[in-house]
Amino acid sequence: MFQINRRRLLETSAIALLLSSQSSRAALIKGGIPWKPGAADPPPVVRPGPWHFFTAQEAATVEAFVDRLIPADDLSPGGKDCGCAVFIDRQLAGPYGHLAGYYMSGPFQQGTKQQGPQSSTTPAQHYRTALAALDKACRSKFGGKTLAQLNDAQKDQVIGGLENGSFELDGADSKEFFKLILKNTQNGFLSDPIYGGNKDAASWKMIGFPGTHYDYRDWIGRHNQRVTLPTIGIADHPNW
Amino acid sequence: MARKLRHKDVVIIGLGWTGSILANELTDAGLDVVAIERGPWRDTATDFLISYAQDELRYRLHHELFLRPAQMCVTFRNNSSQTALPVRTWGAFMLGNGAGGAGVHWNAETWRFLPTDFTLRTHLTQRYGANFLPDDMTIQDWGITFDQLEPYYDQFEYLCGTSGQAGNLKGAVQPGGNPFEGPRSRPYPTPPMKQGYGHVLFAQAASELGYKPFPQPSGNLSRSYTNPLGVTLGQCTYCGFCEWFGCANYSKASPQTTVLPVLLRKSNFEARTDCEVTRINLDRSGKRATGVTYVDTSGSEIEQPADMVLLCAFSLFNVQLLLLSGIGAPYDPNTGKGQIGRNFTHQTMSGALGFFDKDKYNFNPFVASGAIGMCIDEFNGDNFDHGKLGFVGGGYIGEVQTNGRPIESTAVPPGTPAWGAKWKQALHDNYLSTIVGGSCHGSMYSYRDVHLDLDPTYKDRFGRPLVRITIDFHDNELKMSAFLTDKYAEILQEMGAAQVVKKPRKGPYDVTQYQTSHLNGGAIMGTDPGNSALNIYLQSWDVPNLFVQGATAFPQNAGYNPTGTVGALAFWSAAAIRSQYLKNPGPLVHA
Amino acid sequence: MRSRKQWLFALASAAALCASACGAAAAGIDKQDFGQIERGEYLAVVGDCAACHTLPGSGHAFAGGRPIETPFGTLLSPNITPDPTTGIGAWTDQEFVNALTKGTGRHGTRLYPAMPYTYYTKLTRDDALAIRAYLNTVPAVHNAVQPDQLPFPFRMRWTLAMWDELFFKPGTFHPDPKKSAEWNRGAYLADGAGHCGMCHTPKNFLGADDKGQRLRGYALQGWFAPDITNDSRRGLGGWSVGDIVAYLKTGHNQTSAATGPMSETLNLSTSKMTDADLKAIAVYLKNETGEGNAGKTASADPPDQTVMKSGEQIYADECSGCHTPNGKGIAGLFPSLNSSPVVQQTDPTTVLHVVLRGALSVGTKPAPTAPAMPQFAWILSDKDVAAVVTYIRNAWGNSAPAVSAGQVAKTRKMLVERSD
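Residue numbers (this note's numbering), protein chains in the order written: chain A, 1 to 240; chain B, 1 to 591; chain C, 1 to 420.
It is worth saying that the hints were derived from the structure and are not from the lab. Model, not experiment: these values are computed from the prediction. Incorrect hints may have been included.
As the list claims (entries may be wrong) - Here are some, though not all, of the chain C residues that point toward chain B, as calculated from beta-carbon distances under 8 Å:
id	residue
1	333
2	334
3	358
Backbone N, C-alpha and C fix where the C-beta goes; we use that ideal spot for every residue, glycine too.
Use the sequences and the hints to build the structure in full.
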């Protein structure tokens, strides 16, 4: 009937924010495990919709590209239908696209291969530049057609040429761009469906990875047996 | 002008494994302790939710639980002829951040070093002669023995509930355990983990070849366990998302799951997170620490005075802080003088891919845990005769595959196109029947030219020099790696692999290739200020009220994961502080 | 320390039995009787005075000012430190005893029944005076609290006279001669200072105990305080006396963990009580015969099988990792859902609260782990929550009414509107 108010208790018990006149901020942890009801930081779930990063032209090129990197066949839908272009679009629009968290102080100088990436160019910038250069190169080589307008054999020819560097891009490095888009496409294909690629967990079904099951205690001892659990993702549960 | 706070008995820099253990020990001794942690607070139900913990993109690819290089970075070069450049995104090692430190995202592989690892120079010299060791190899004895440390290995394992099979109980070799391990006083606190098909096949093949395989000691627990502090851990469910990830069901030993619930309840402890210590402050003599200065998230500088400082910030940052605070003499590889920054080491990892017939083998690689696996130790340390081999060192070899994560752990046979229909087919055909995660956990001994110092060019967000790593592989380690890899490949063949692709470690050391985060040395322990930065109790020779915890103290690395030894040293150091230092503050060893 | 507590228990039981036998109470407060002060401190813990009268983080014990939610509005608890102007320093001992046992304040004004005088009335005069003796020794804090925060007409204290007339029967505890001393002690504590029914007994529309449903559970503050009769399915029937004692003392036992408002009761009250007193309460609750104890409760209608199948899948994917495939969880870490009384309450509010928002279990010295359940509101829709909660309420031999998506939606909305 008459209820004790818990607001003050939770606010003041285990975690207090020290606020000084300079609004200094540090979390003070004292007295117990700090926990707030409903605490969570779930991943953003990608929803279909307009492109967040790509222009329509860029998107068309990328969709064509990913659909050849991962062609449709009996094993799975193609990269486009799996959502790999959507994946890349959302990633480029997000922290990954601008190298959030990277050390971005200068001086920038090229080092050895062993010293890793040293460029200040972000993936977002890289795609912008390289896609424009790719369209330009395709138009020039294929009578005004961009990648999306070529037939499959021609697309493969272009992609193979980027891979080995023979298809040159004006203002971009073919091999570097190929490596980037290949990595992003395959990551989109194989990551959790919430990120926009791997629609319906198509790649996981293809390889036999049952997804985000947490409890395999019943399976650790069943050697050389196919796991018969439904394929699920963080937000993909057709079995519910 | 820094705002000065009220005095504390102890200030601890970093709330990872060693910071948490030391804080708990010293608050038990009645001291008023504050821990300053650079990263955020982390806890199971707030940060490692079962509904989204298994996210390879977020945690493995995008490094969510790790330190952001933007917050603090390091620079790297192979040798002094090069200009060191920033490691703008982590690759070869993953630096932890936040409460719990690496204890949150480690695999929980919990090993002890060999007895001979502690008296390495003496032992190798006796066995092979001084000329057998390369001139520029700077290995040395630790100053303590395995037997001295054994009770503290035990203490750390019982804190964690480590799951394993004893191999040597008080001198008696036990079947099913590691026959090479040093004598332990009692069995592991919980039984070994269950193993998957690939792991078991490895053990069978290894046995057939005459080796003695045993289960890897695991801080993912085989069953629920309540530790001596009264904290309860759960049972690992083989979820396959261990290293790089937080554990959602309290079954991975970490500061959060073993110590912090008890520590946080104490009225004489508090932690301040999201604060970066910029300096250990010294008095005018330079021989006594007066506390630390740190910066909070608004950029305010704050001074925390204390009687005692514990530096628990991980090897790289321990050394960086020592150098920035003017403690000890910086190491100069040309003259060999100075102790701070010397004998830095990593690990020499290698492995092989084993492709098996997909119609006969299904390894369910995704059913796994962080420290699962069957291992052999015949080729670790000096467990074998190196006389004709031309190298020293070694490592355990094991089928220790921890996961079947689609991006990280899908392998295709050599020659497979990188894209297209054939790539898809190869992925489909090989995912369930390939062993990608076997490993040779090779040692890295210390060398004159492998060291840490401060970078002359690159700065952190406070304008302080970054720590600079100068490291490359030496012939000794590369020879060892090739040897171990060959041994592993033999076992894979014996297991029935249709194709084995050996991947021995090759130089130069590449900062983009992940090789564990086992970074050690830089302020090593020893018997004399002439050969070390710390005495055997991890007390600074230069500043006696400063203790430096962690693998910084290792004079060289061994062929094992270091955390077991890090935990043991923390308890060993804590015991010395409680029983000797607090009664009589001052140098514990007079050299 | 243990022997002192045993001595206190013996003394207290003797006092309880003596009060009715002797009629008149002992003489009053002896300022030099430290035993009385210690006894008072203990009784203040049993009565959990601090839960209402101490504002957490204020550093001023018993100085009042803590907001107390009631269905009729928010009250602020009064200052019960010995301050003469803003506390109770100027009150007479009789006025203090009347506050506890008759529900009247200074000069005989009626107290709001937010003050559990309907329960404290059972206190013997001796015990009430002991509490007074203890409160006389706490630091006096000058803190003027304006207690009348309720809107019209509830701030009219004369309405309380009517309420008391209808629902309050003052009178000290009368031990039952047919029961053991231990049972009587338990009854004295649980129905008296412990005021368990304040949260665990359902109320009527005027906020008074529904006496026909004693200790059958009550919904408050976004939770459902469960049935603590000896009902075998929904109450403590499946718990031994030892299980109850472990729970009250440490916040955990083999199958359950305390969370929510009960965490505070653990921290401030029951974890500091003697083992003997906790056992007495347990014995009393286990042997509680009276109206409302129906023994094994009838099962609910069997739930929709489609819902059960969906719930089973959700359980396997999201819950089993901690609560294990057979629902038994891990002792001391993850509560057992299998045969759980909390899961099988007719009112599913607590289960819904825990699933939607998560819950931190209490940490105590003997059981410091304090594991927390994470929230699932972000990933489970109302339909999903309904399915998985219906599943756990009816799997493994459990039986309780199914939960609908509509119920979940209402609970979700209610929780979102709460800041605590």
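Here's how the hints hold up against the structure:
Because the closest C-beta pair between residue 333 of chain C and chain B is about 5 Å apart, less than 8 Å, the hint holds. Interface hint at residue 334 of chain C: satisfied, since its Cβ lies 7 Å from the closest Cβ of chain B, which is below the 8 Å cut-off. Hint on residue 358 of chain C holds. Least Cβ distance to chain B is approximately 6 Å, under the 8 Å limit.
Figure legend: structure checked against the earlier numbered hints; every hint is met.
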